[in-house]
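Trainee: Note that my numbering has the sequence shown beginning at 185, numbered continuously upward.
No incorrect hints appear here.
Taking lysine-lysine and the PhoX-like style, the derived pairs with C-alpha atoms no more than 20 Å apart in a straight line are:
#1 523 - 471
#2 281 - 523
#3 427 - 384
#4 276 - 255
#5 519 - 471
#6 276 - 265
With beta-carbon atoms standing in for the labels, derived distance ranges:
#7 312 - 501: 33 to 43 Å
#8 414 - 338: 43 to 53 Å
#9 531 - 370: 21 to 31 Å
#10 417 - 539: 48 to 58 Å
#11 232 - 458: 52 to 62 Å
#12 486 - 411: 40 to 50 Å
Keep in mind the hints are simulated off the structure, nothing from the lab. For every residue, glycine included, the Cβ atom is placed at its ideal position computed from N, Cα and C.
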Amino acid sequence: MSIYLLRKMLIIACVASVGLPATTFGVAVLSLDPATGTFAVGGTFSVSVLLDTGGADVNLIESSISFPPDKLEVVSPSGGKSVVSIWTDTPKFDNSKGIISFQGGTPNPGVNVRRGLVTSITFAVKAPGTAALSFSPASRVFLNDGFGTDILGAIRRGTYNLVSGFPGGPVVISPTHPDGASWYESRAATLRWQTEEGAKGYSYILNDSPLGAPDDVSESLAPGVDYSGLTDGVYYFHVKSLKGGAWGGVTDFRLQIDATPPEEFLVQITPSRRTSERQPLIYFETKDAISGVQRYEIAIVGVGEIPTADAYLTARSPYIPPEQLPLGRYRVFVKAFDKAGNIREASQELEIVKPTFEIVPGVGIRFGSSQISFRAFFVGLGVFLVLLGQYVVSRIRAWRRRVHGEDDSAPPTPPQSPPPILPVSPTVDTGTGFPFRT
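Construct the complete structure from the given sequences, taking the supplied hints into account.
Mentor: The structure is reproduced here in structure tokens:
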């Protein structure tokens, strides 16, 4: 079943389902858990979106959450074990705008909860400071009353303190992957942490869980570890120190690895690869499943030439050359870069030819290699139109004769003369009762 149909079913259920009658407006609450906390730059933390229906049955929830994109980045939103049974708009995010949005619900009879989990969101900490997570004022929670009544009465924001180092845990740095919010193409990672006075050992682990923790067994006293042969993906390094017979706090450090270039793609030219258009449209597009496509660069050089680094320009599809290209053969090179710096390149030949028909301002009209003045062209055009008109008229006359049954090949029939008028003789009455004509 398509998302469109699911969305339509839930909206219909919201306004047409038969549930409990509306009793109290503004009883539902959307909140975040935890609502406060201190987290380290380079680490991650998770926030749960909770729903309190206030004792009422609800069947649809829609909301969006804003966050500061310069300080936080969404790693992954997840419905998990959510009170939402059908997502009409699965949790999605835009790290450039700092927005997370979702819509979903439960068919009749809906759901009635005090601390129901709607979705969980894992954030990566990019920079120190204060970060606020706020629900959109347009958020809505619909009562399962057959009328789609919005009963959202309160939305509670979260505020978090982001620090450069996590208190209680070793400060971790990585010379190979220094920024936990950035992608790197290296599959070998080096992690170092500051030694702590009195530390008797360090326990650490590298896994794919943002909330993982090392065990209580010391790996070594060395202030660092190296990993190699890592596959593409997101990793979390967790480390803690043993001091005074007790294990201290855990520091979490995030690694993002993408050593695979974007997918292969084609360069397409409109109207065609061989064209008289001096500024043709150049189309290109690809995808990158791990880190995503960051930008494209394009270079147009003569056939057989190798473009230099300076020849490439940042471009978006469709690309139009800023200046008209001279006649000749070219090769168009397009590079696609992902966020880790991997490159996929594609190329296409382009030939600019003379147009079959071209107007030369102030001179005349050019047909291929021939040229004619405007005056001669319009004189010839006038003669042509006259001849064309005569031809059309003759064809119309011929058609009319055929319609009326006339034969063009038969000689014309001469006109018929009227019959002669004979003179009438006068009559004489003879007295016999019969007239006599003289």
